[in-house]
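J.: Listed below, chain by chain, are the residues.
2 protein chains.
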Amino acid sequence: MRYRIITISRQFGSGGRTIGKEVAAQLGIPCYDQELIQKIAQESGFSPDYVVSREEEGRRGGWISNALTSRDWKGNSNQDRLFEAQRRVILDLAEAGPCVIVGRCADDILRARSDVLKVFIHASVEKRARRIVEQYGQRDESPEKRLRDKDKRRAAYYQFYTDTKFGQAENYHLALDSGELGLDRCVDLITTLCR
Amino acid sequence: MRYRIITISRQFGSGGRTIGKEVAAQLGIPCYDQELIQKIAQESGFSPDYVVSREEEGRRGGWISNALTSRDWKGNSNQDRLFEAQRRVILDLAEAGPCVIVGRCADDILRARSDVLKVFIHASVEKRARRIVEQYGQRDESPEKRLRDKDKRRAAYYQFYTDTKFGQAENYHLALDSGELGLDRCVDLITTLCR
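Taken in sequence, the protein lines are chains U and E.
The numbering of the first sequence is our numbering, which starts it at 60 and goes up by one.
The numbering of the second sequence is our numbering, which starts it at 60 and goes up by one.
A hint or two may mislead.
Chain copies aren't distinguished; within one or between two, either way the pair holds.
BS3-like cross-link-like pairs, simulated, lysine-lysine; straight-line CA separation at most 27 Å [as the list claims (entries may be wrong)]: (1) 224 <-> 204; (2) 211 <-> 80; (3) 211 <-> 224.
Just so you know, these hints were derived from the structure itself, not from any lab.
Given only the sequences and the hints, what does the whole structure look like? Please build it.
T.: In structure tokens, the structure reads:
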């Protein structure tokens, strides 16, 4: 196929992860999403639990406070060291063979390659709110509030590490509204471009 | 087909107009682009030449200076009156039958309709620079400078009249990098969604 690697950036609750897994299944290639955590843990020396807790959507104050504290003598925070480990893992995976990579600024990390199809998946707040309640259940916070928090955090993380704006159409080859088009059609459009 | 109307917003030099015409030809429906000028002239009472000169990319100082001057007793500038005529023309066309509409904030003007596929076409500066030289020839100004000016003007015009950001993926159902994917593939993806 023309594109060896497919990166999927996605808004929280847009179904981007599900789309990535299905695209990978249809193309018979691996999809890296949660699987990256183990690899980043190995690469960085941090524990998988620590990697999860320090993700962009980190539970303990989020990446931005982490990025601003606990710096080593080179000025790198734990968050920076994790990002560097993530970068190396993603570069190695892309080198190793065709795959789908969900999130983690993979589109930007792999920008030097010409065999990467960069996809962005988004949907309206209403559609995403419905989806996260179906997927993760009700919480004390309203789904709209959860979405706003995640969107803000993800955009800030992306901008900090890539210097480009999350969700700007020109950063992607293909941007799809999964709420409008449906997940199956998104999968079809992506696989069509890869065959 | 599911979508009666297809709106195509596009970066200058991305081939969005060509894509719109080909999509319309393949679906056997009209494409409104330059054709809108005559209709807006009739609706507004201004001459077609005046409509062209006062477009977003207007030759006489651009829309923003026009928007800020020559106001009538209701506070509307000629630019506002032209936009209002444009809005009415686009609403009427959408009501009249299936069609493709290129540019002119049609995506936002038709936001209340559920039968509109909103498409955004973009490409890298390098690809667009090459295309505008092929299409419109060399000028004194470099193609990169011409693109920067047009991009800025179009984004400002769009933001002024729609209150949303030009080129933000979440404003469109489908956003395509025509420089990367090629014009034919863009046409295929759009028509696939309309059949």
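J.: The structure should be examined with respect to each hint, and the outcome stated for every one.
T.: Hints and how they fare:
| no. | hint | result |
| --- | --- | --- |
| 1 | 224 <-> 204 | both (22 Å within a copy, 22 Å between copies) |
| 2 | 211 <-> 80 | within (25 Å within a copy, 38 Å between copies) |
| 3 | 211 <-> 224 | both (12 Å within a copy, 17 Å between copies) |
Consistency note: the structure conflicts with none of the earlier hints.
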